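Protein sequences appear in the order of chains A and B. Under the numbering used here, the first residue of the first sequence carries the number 1, and numbering increases by one thereafter. Under the numbering used here, the first residue of the second sequence carries the number 1, and numbering increases by one thereafter.
Each hint should be verified, as a subset may be incorrect.
To be verified - Derived CB-CB ranges, DEER-like:
#1 A:82 with B:22: 30 to 36 Å
#2 B:70 with A:27: 17 to 23 Å
#3 B:22 with A:81: 50 to 56 Å
#4 A:80 with B:75: 15 to 21 Å
#5 B:79 with A:26: 24 to 30 Å
#6 A:164 with B:65: 25 to 31 Å
#7 B:39 with A:84: 49 to 55 Å
Because the hints were derived from the structure by calculation, they are not lab data. Only a predicted model underlies this, so the values are computations on that prediction, with no experimental measurement involved. Ideal Cβ positions, reconstructed from N, Cα and C, are used throughout, including at glycine.
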Amino acid sequence: MYLGLIAAIVLPRRVRRGSAPADADGELVARLRAGEEDAFVALVARHNASMLRLASSLVPSRTLAEEVVQDTWVGVLRGLDGFAERSSFRTWLLRILVNRATTTGVRERRTIAVGDAGPVVDRARFDASGAWMSPPQHWVEESEERLLAQGLAGELNAALAALPDRQREVVMLRDVDGLSGQEVCAVLDISDANQRVLLHRGRSQLRQALEDELGGV
Amino acid sequence: MFWNQKELACQEMVELVTDYLEGALSRAQRRRFEAHLAGCENCTEYLRQMRVTIRATGSLAAEDMTAQMREELTELYRRWRAEEE
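Pulled out of the complex, with its shape left as it was, chain A reads as follows:
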């Protein structure tokens, strides 16, 4: 029930953003090809926030991130004729962005640091048989109000910012922007197995951050 409540309040925005992007993009891309400025403005409105967020993770400053986003739109306009629609427009767009961010030389294409290989939950919380000794604190039910309160977004954003780059990028694309696993693999040029490991480590740390913030209520 509380899940339903949280979903009702926090999800509409996500659902709006995530619903049928391919179809709407396809139509806008067709209109953009026909030279309609409105279609460009609409595509910018749909995608610019995700682009800026991803770019901010890829390059060290806000100014550079904005430059990368602008470069990406130039790349989109120039490359439009070559866009084969084998991938979704969003995947194509974000791939261009990752390439621009990489070629600015600010960031080298990193080898995939899947991360410290340690467990996602502190070993000390389990006994020798691997059973919970210090089980997850119950924060979901008790903390409903705080989950819905403004402060939580700040906590989550801070936890997201504290993740290693690759984990943050995967979690943002998957859980904030609503891309599929397959799309994320294409955008970041990583394997499905790596994508899942990064997602797992990132999400687990965010859960822990929420427990640290809300637990023991």
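Position chain B relative to chain A; hints supplied.
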């Protein structure tokens, strides 16, 4: 075959939770995972928290585009159009 019968420990469960949610477990692993959940309140709670975490992350609001950026991009489009012609 025999390892399939072995009971999953909570510590293993927390490492498999994303693969479970992603549908990436084999059928045998999935069965073990669900058998463990059925008998473990703590892991059931853990899984619930992971789901709530994912939803909460999905609710993070995008920063609104600044008017300046909007204008710059529209300008960028017009310059490109002019060059094309």
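Tested hints:
The hinted range of 30 to 36 Å is satisfied by residue 82 of chain A and residue 22 of chain B, whose Cβ atoms lie roughly 32 Å apart. Checked against the hint of 17 to 23 Å, the C-beta distance between residue 70 of chain B and residue 27 of chain A comes to roughly 21 Å, which is consistent with it. Checked against the hint of 50 to 56 Å, the C-beta distance between residue 22 of chain B and residue 81 of chain A comes to roughly 36 Å, which is inconsistent with it. Separated by about 18 Å at the C-beta atoms, residue 80 of chain A and residue 75 of chain B satisfy the suggested range of 15 to 21 Å.
For the pair residue 79 of chain B and residue 26 of chain A, the supplied restraint of 24 to 30 Å holds, since their beta-carbon distance comes to about 26 Å. The hint said 25 to 31 Å for the Cβ distance between residue 164 of chain A and residue 65 of chain B, and at roughly 27 Å that hint holds. Remark: the range hint 49 to 55 Å for residue 39 of chain B to residue 84 of chain A is upheld by a beta-carbon distance near 51 Å.
The structure is inconsistent with hint 3 alone, although it conforms to all the rest.
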